[in-house]
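Single-letter residue listing:
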Amino acid sequence: MREISFRDALREAMTDEMRRDERVFLIGEEVAEYDGAYKVSKGMLAQFGPKRVIDTPISESGFAGLGIGAAMMGLRPIVEFMSWSFSLVAADPILNNAPKMLYMSGGQFGCPIVFRGNDGAGGQLGSTHSWCVESLYANVPGLKIIIPSTPYSAKGLLTQAIQDDDPVFCLESERMLALTGDVPEESYTIPIGSADIVRPGSDCTIVSFGRPVHFCLEAAEALAKEGIDCEVIDGRSIKPLDIETFSASVRKTNYCVVVDQSWAFASVGSEVAAELHRLCFDDLDNHVHRVHSDEVPAPYAQNLEQEMLPNARKICEAVRSATYNA
Amino acid sequence: MTIDITMPRLSDTMEKGTVIKWHVGPGDEVTAGDVIADIETDKATMEMQSFDDGILSSIVVDEGVSVDIGTVLAVLAEEGEEVAATPASAGSEPIAAATEPPATDEPHRITPVARRLAEQYGVDVATLRGSGPSGRVIKRDVLAAAKTTDEVRAAVPPSAQRESPPEVTPTPVPVPAASIPATRVDPAPQALAHNDRRAPVTSMRQTIARRLVESKQEIPHYQVSMVFAMDAMMAMRQQLNVELADQGVKLSVNDLLVRACAVAMHRNPLMNASWDEDAIVYHGDVNIGIAVALPEDRGGGLVVPVIHAANTKSLRVISAEARVLSEKARTRGLSIEEMEGATFTISNLGMFGVDAFTAIINPPNSAILAVGASIQKPVVREGELAVGWEMNATLSNDHRVVDGATAARYLATLKELIEHPAAILV
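Each protein sequence line maps, in turn, to chains A and B.
Sequential numbering of the first sequence, starting at 1162, is according to this note's numbering.
Sequential numbering of the second sequence, starting at 63, is according to this note's numbering.
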């Protein structure tokens, strides 16, 4: 199978769907003339023209609301946030309108829209531009959240998201856009809410989402040398959660570490841990351990930023502690 | 400097000991000579004294836990010293996790999966020392214990057999040795009904089990019974107790029997002997052991305190010794010396109304007398029907040492002494 980059996989999902369904269009800052701030939409303006690949002013609240209105009227917008950090100024449309529209309109208006962009620390972008929004947004009913960690899942999940009738938030990472991997040329979908066991193992389950999955794999390799055989699960979706896959694994290993790049309090990680304690109570040999970003705004200094985020060392420590090998 | 209080060697054959009861808790002041714990050995429950002064900093081994000699049981901090939260030895050796202080006042901690696996594999978690934090029993403790008894696997329900067999988590990190049940008392545990319970076997119960199985399997037992007219002895006992009441003397029937048995032994020295494979050892002193049942709250069981050289001791001395020993056995526990050296044993169930029974010989004795109750009943005395006191006693003998005629002669002597008891007074 051919290898392509994460950003190319995202683009393929969008272009495939735009060819297949003329209701689909892309809107966002610099997505058209500049080929995208991160070149995800490179060549799309030339391919689909300015009616379907639309540059906007720096006005997230405005173009997010525009997208929602278009979705309510039957189109299938893809709204790109250069960074999910910038979505905070569009909190009202994306949290207060999109996920509630179907409910508030008594079923008259759905909102089949995709919001996508870079999530998490991009590398020395400072605290205001390094948001991990998953725990904030996952709290809201009515929306779906996907968080691919590989080019393969990026294409499959984004394709599914564009076809989905509900608002879907696609959390990407600037740090992974150049990551390459096997991706089929033909179009395919990955169901939202289905996790992937990316490394089978028997001694401890590690559940993660998005970019930290790679840190988990790195940690698993190191721990394997110590004789601890970890099973790493890429959640792929945050809402809905594939808790069945997680719990089946924990029933096998009896130990679990959840790695979530958001802050610990009221987070995706705490939700996963709570659900695993409920579902696997009689199978646990220790409480579910969690690795999160430290509870500070993201530092600018590179060394501090690396230390603040989940990393392989922290994950190794958590697994050793969880399995009583500390 | 903290001082480690370790499991002492309390008898020559002792390898492990069990803390039956702590008399002190963390924070208590301890003075050298204070009794700080009761320790159960293979032979007895004994008091453990502190050799030092200080403040008890932590208890490392919980009540009911059996550990090897030398294991740190508790940590003493010297005066003015910060009371440490962990024992001095923690971290100094690879089994540090095993010496982590289990919380003393807290219930037995066990993880959910460890509890479930323990049920599946029939592991008695009360016998395990948890290697997790605060002594928490974790999965590997249960699997390690399950692995020690291969037979257990046969008893695992089919649903559990589909899962992986009990293997210790294959990590290279040193796995603290889980404490392993001392004996395979029940290698294939019975399935427990809802209201059944499995009680771990105390080391005293194990000793009883081992010695009596040995005795019953190795010693060719036979029994000889006789009925004794007790009228004279009962009358004498009453008379002595009335006359000596102001001196604190209160003779029991058993005291009189100890004396009578000792005198009868002295007159039949072939009875006072032990089998020693290629020889028979004839004992000089007549040391009479008295079986004493222990109260359930001290773990039950029975011990056999010994009245040494009972043939040379007066009734008054025997009575006083017997009272002290049985009281001590029931409350504080006997020392090894107080239980060693019996050459003959009396087991009396008369106080329970038992009229006759047989007893198992207490090795290395060659005989044991099983004594029933003295009962008032119709009897024939000098050709006339009368109301009299009678007592049945059954002598179990080791046929390797004592032949039937010897045993019969001994009982005849005993009958003579019991029915004409003035002879035991001098």
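Since the hints were derived computationally from the structure, they do not count as laboratory data.
Be a bit skeptical, because a hint or two may be false.
[What the hints assert, rightly or not] The calculated lysine-lysine pairs, modelled on DSS-like cross-linking and capped at a C-alpha distance of 30 Å, are:
id: 1; chain 1: B; residue 1: 105; chain 2: A; residue 2: 1386
id: 2; chain 1: B; residue 1: 278; chain 2: B; residue 2: 312
id: 3; chain 1: A; residue 1: 1413; chain 2: B; residue 2: 477
id: 4; chain 1: B; residue 1: 78; chain 2: B; residue 2: 209
id: 5; chain 1: A; residue 1: 1413; chain 2: A; residue 2: 1475
id: 6; chain 1: B; residue 1: 477; chain 2: B; residue 2: 312
To see whether the hints hold, each was checked on the structure:
1. 105(B) - 1386(A): 48 Å, violated
2. 278(B) - 312(B): Distance of about 36 Å is beyond 30 Å: violated.
3. 1413(A) - 477(B): 73 Å, violated
4. 78(B) - 209(B): 21 Å, holds
5. 1413(A) - 1475(A): 23 Å, holds
6. 477(B) - 312(B): At roughly 23 Å apart (the allowed maximum being 30 Å), residue 312(B) and residue 477(B) satisfy the hint.
In this structure, the hints that do not hold are numbers 1, 2, 3, in rising order.
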